[in-house]
Amino acid sequence: MSARSIPLVLPCATRRRLLHSLAAGACAVLAAPLRAAPQPVVVLTSYPDEVVSRIEAAFEKAHPGQRLQVVWRMPHDALPYLRQPGQGGVDVYWTASPRNFATLKAEGAWRSLDGLGVDRHGLPAVLGNTPLSDPDGQYLATEMAGYGFAVNPGALARRGVPLPGDWEDLADPRLAGALALPIPARVGFAPVMVEIVLQAYGWERGWALWSEIAGNAVLIDRGSTFVADEVAAGRVAVGLSIDFFAAAAVANGAPLRFLYPRHGGVNPGQIAVTAGAPNPAGAKVFVEFVLSPVGQAILADPDIRKLPVRPAAYASLPADYPNLFELAAAGGYGFDGRLAQPRLGLTAAAFQQQLVVPHAEVAALWRRIHAAEAKPPVGEAARAVAAARRALGAAPLSEIEAADETLRRRFRSRVEGADATALEDVEEQWRRRAAARRAEAARLLAEAGA
Amino acid sequence: MTRHPRRNLRGTVALLAAALATLGAAGVHRLAGAAAAGDDGPYTTADATREAYGRPFATLDEAGRPAFFRGRSLFRQSWVVAPAQDAEVDGLGPLYNRLACLSCHPKNGRGQAPAGPDERMQSMLVRLSVPGSGPHGGPKPHPAYGDQLNEEGIPGVPGEGRAAVHWEEEAVALGDGEVVRLRRPRLEFRDLAYGPLDGVLTSPRVGQAVFGLGLLDAVPDRELARMAREAKPDGVGGRVNRVWDAQRGRTVAGRFGWKANMPSLRQQIAGAMAGDLGITSDLFPAANCTPAQAACRAAPNGGTPELSGAQLDAIETYLARLAAPRPRPREGGERGAALFAAAGCPACHRPRLMTGATVAGARHGIPAGTAFAPYTDLLVHDMGDGLADGRPDFAASGREWRTAPLWGLGLQALVNGHTYLLHDGRARNATEAILWHGGEARIARDRFAAMARADRAALLAFLYSL
Chain A
-14 MSARSIPLVL PCATRRRLLH SLAAGACAVL AAPLRAAPQP VVVLTSYPDE VVSRIEAAFE
46 KAHPGQRLQV VWRMPHDALP YLRQPGQGGV DVYWTASPRN FATLKAEGAW RSLDGLGVDR
106 HGLPAVLGNT PLSDPDGQYL ATEMAGYGFA VNPGALARRG VPLPGDWEDL ADPRLAGALA
166 LPIPARVGFA PVMVEIVLQA YGWERGWALW SEIAGNAVLI DRGSTFVADE VAAGRVAVGL
226 SIDFFAAAAV ANGAPLRFLY PRHGGVNPGQ IAVTAGAPNP AGAKVFVEFV LSPVGQAILA
286 DPDIRKLPVR PAAYASLPAD YPNLFELAAA GGYGFDGRLA QPRLGLTAAA FQQQLVVPHA
346 EVAALWRRIH AAEAKPPVGE AARAVAAARR ALGAAPLSEI EAADETLRRR FRSRVEGADA
406 TALEDVEEQW RRRAAARRAE AARLLAEAGA
Chain B
406 MTRHPRRNLR GTVALLAAAL ATLGAAGVHR LAGAAAAGDD GPYTTADATR EAYGRPFATL
466 DEAGRPAFFR GRSLFRQSWV VAPAQDAEVD GLGPLYNRLA CLSCHPKNGR GQAPAGPDER
526 MQSMLVRLSV PGSGPHGGPK PHPAYGDQLN EEGIPGVPGE GRAAVHWEEE AVALGDGEVV
586 RLRRPRLEFR DLAYGPLDGV LTSPRVGQAV FGLGLLDAVP DRELARMARE AKPDGVGGRV
646 NRVWDAQRGR TVAGRFGWKA NMPSLRQQIA GAMAGDLGIT SDLFPAANCT PAQAACRAAP
706 NGGTPELSGA QLDAIETYLA RLAAPRPRPR EGGERGAALF AAAGCPACHR PRLMTGATVA
766 GARHGIPAGT AFAPYTDLLV HDMGDGLADG RPDFAASGRE WRTAPLWGLG LQALVNGHTY
826 LLHDGRARNA TEAILWHGGE ARIARDRFAA MARADRAALL AFLYSL
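Just so you know, the protein sequences line up as chains A and B, in that order. So the first sequence is numbered by our numbering: it starts at -14 and just counts up by one. So the second sequence is numbered by our numbering: it starts at 406 and just counts up by one.
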């Protein structure tokens, strides 16, 4: 049979020529009788397009009668939106901001998911010491993400540094300039990371460790490069990250690994239905879809790579897919997000004044300390270097000060994407205190001849 | 019986292929264009992972990286309803299609059409117009719906409706008896919020890949004109679309978009921001509301304009500096390159273009005289009835389409998870895309259809090596 025996059939074009149809673009255009669009399920979220698009497509495919309307806002911007009269017409809030869910629960923003008939069976309430879902059933976790280290094994090997197993390994002087650190006050996921270390190592030791880690670090700002990109390209050997960024990069071919530290931490993404939801029935359908096997399976998409909250979902995932339920069962997940939430903004702001604003100076001083310790010093010089280390690692404020509710309230809106407008007086105070300690460390190092 | 050509196509192809084989690899590549046009230069990337469409030029230095990353961040940004605390990224809509640029250009690659009428358009939209010319000679917008169906509206502003896609299949037989099923879309409009869409011209479009755009932007207008004038075999013509340049306020050569209806990368970006996201800019300062859309006109905006000049600069910097994937050797690809040439494909899918001393090239840091291999001529060609949308766009008729670049084609399945091609995503693979070619490309299409199965496979191997 030759190519000429069956011509390419062009029924639409023929029809178009015959009818001189104006609706030529796609063969023919039908217009369904005019009718109102179905009432949408309005979902407020800050998830990236990779998550939103896939869930949206799968949801509407699974429920052809439903429409999703996505309103996108970062968590700090979502709070005022949900505090509007009528809660902005939002039916569902779905994002990774436990603080917002807890804050809005206290304001009576949610309706009971139990009351709506959402089935919580098979959904653990906690992971380690971290609550995943509201014990009163007003919001439920839909996914999780763990904190840890994106590493480039080759770059580490070139520096003679073993794979880091916990946070203190990041203070290794051989990692100077080879560690990517997202700025906590600027990058949405990073404030929790600060708190994981403070809880795991204690307030004083935690701040000292952060100072030394920051001294090794290259800072990563919002809207700039990605931590995983820096690690994969070998510009740094380690990047502090939340797992899905690194795992998605790995799934996309990046030559890196993600390691969960011994002192781990998890941040759950959660979902709630607003008290004033215009479409509670649709909201329930959406919540149940996100928690369904189909919705949970979408989390494993190579461009998403988040962790399902339904343990049963792991049975269908690859054997090497991270399972934080198993890690937590083995210990190490003592981080309590509830304790961290009220002071996230405060510690991120203190971190900013202590370690980010004067970062070049901090890094230079740690290089001098590490160089002096490498010799190592003796006598007065040793005492001076040790004193310099203490000065540089001193906490910007005490844990008692950080517990002050008034102070915490002043910084509550500072994280998860919010920009600071003017510095608070207490920040000026931290800045001056940190500068004095750096000057002291420099003086001590000079005394030690370092 | 097919209408053309009347000669023995299979014999012609066999002779041409045999002749080309005697040229050796270098000669074949010259004819097919492979490896002869800066394939391994700093404006290409050897990355063959799922991130292959997102790599910068190797010339991007430390000083240039921040702007590139700012642009990437904006390209990925989901835009926010105004007013918002995130004032830099508010102003979505009031009417729009998707939240982010990335939505229609997933992983900087190609979008796709819905699989059926119950799936929503995620990386596809429908252009609208009515007969006649609009301002500056472009399409005349529909009086109630404008020039594009915006399926979404911000809260309080009804979206314009939904376009559902029904697929109709038909069979076509190839020279060796193999039967290929082709599908064409039939649109159905649902839930129209602003009255009937009577008398409308429609054109469904999927998002295009966005790498290598700086190189295409830096080809001089005079080179486009020269290529249009050049004599070509097989009745191939090709015209430069003449379109409105909003920045310069005059009609110039078009080069971006499915019908080359945009003159520059900058205007292409600003046009998509306005049309797809409802984000105003200095180039397109008006909100996308028609007089019939009262709620849209009353909605708050995110500033005047909503996209600042600096933000537009950043997105342009990002897209202009996205490297094109390098061809990757593939078994049979070399013979396929010869067959690609013998079939006449390079008459339009030009393997070698050259940048000139242009303003765009200077902006993008691309020197004049840089050769590259996009496999397009940036001209519009009559592609026949099968692909015609019947919707003129500036000087491009309803049968004309810009030659689609073929670079990066072989990585599409990996990056985007599908192999769909053509303006409305109807072709499920390269074979179907070729078989849809008509008009000026009919002879080349028929040569492909007449090839032996092994030759078709070799030609496809070449395409997928790009």
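No lab work stands behind these hints, which were simulated from the structure alone. Predicted model, so just to flag it, every value in this text is computed and none were measured. One or more hints might be untrue.
Pairwise CB distance ranges (calculated) [what the hints assert, rightly or not]:
no.: 1; chain 1: A; residue 1: 50; chain 2: B; residue 2: 600; range: 55 to 61 Å
no.: 2; chain 1: B; residue 1: 819; chain 2: A; residue 2: 303; range: 17 to 23 Å
no.: 3; chain 1: B; residue 1: 447; chain 2: A; residue 2: 50; range: 48 to 54 Å
Under the rule of at most 16 Å between Cα atoms (straight-line distance), these lysine to aspartate or glutamate pairs were calculated in the EDC-like manner [said to hold, decoys possible]:
no.: 4; chain 1: A; residue 1: 269; chain 2: A; residue 2: 104
no.: 5; chain 1: A; residue 1: 46; chain 2: A; residue 2: 273
no.: 6; chain 1: A; residue 1: 90; chain 2: A; residue 2: 119
no.: 7; chain 1: A; residue 1: 46; chain 2: B; residue 2: 581
no.: 8; chain 1: A; residue 1: 46; chain 2: B; residue 2: 574
no.: 9; chain 1: A; residue 1: 90; chain 2: A; residue 2: 121
Note that CB positions come from ideal geometry on N, CA and C, so glycine has one too.
Against the structure shown, which of the earlier numbered hints fail to hold, in ascending order? The structure conflicts with hints 1, 7 and 8, although it agrees with all the remaining ones.
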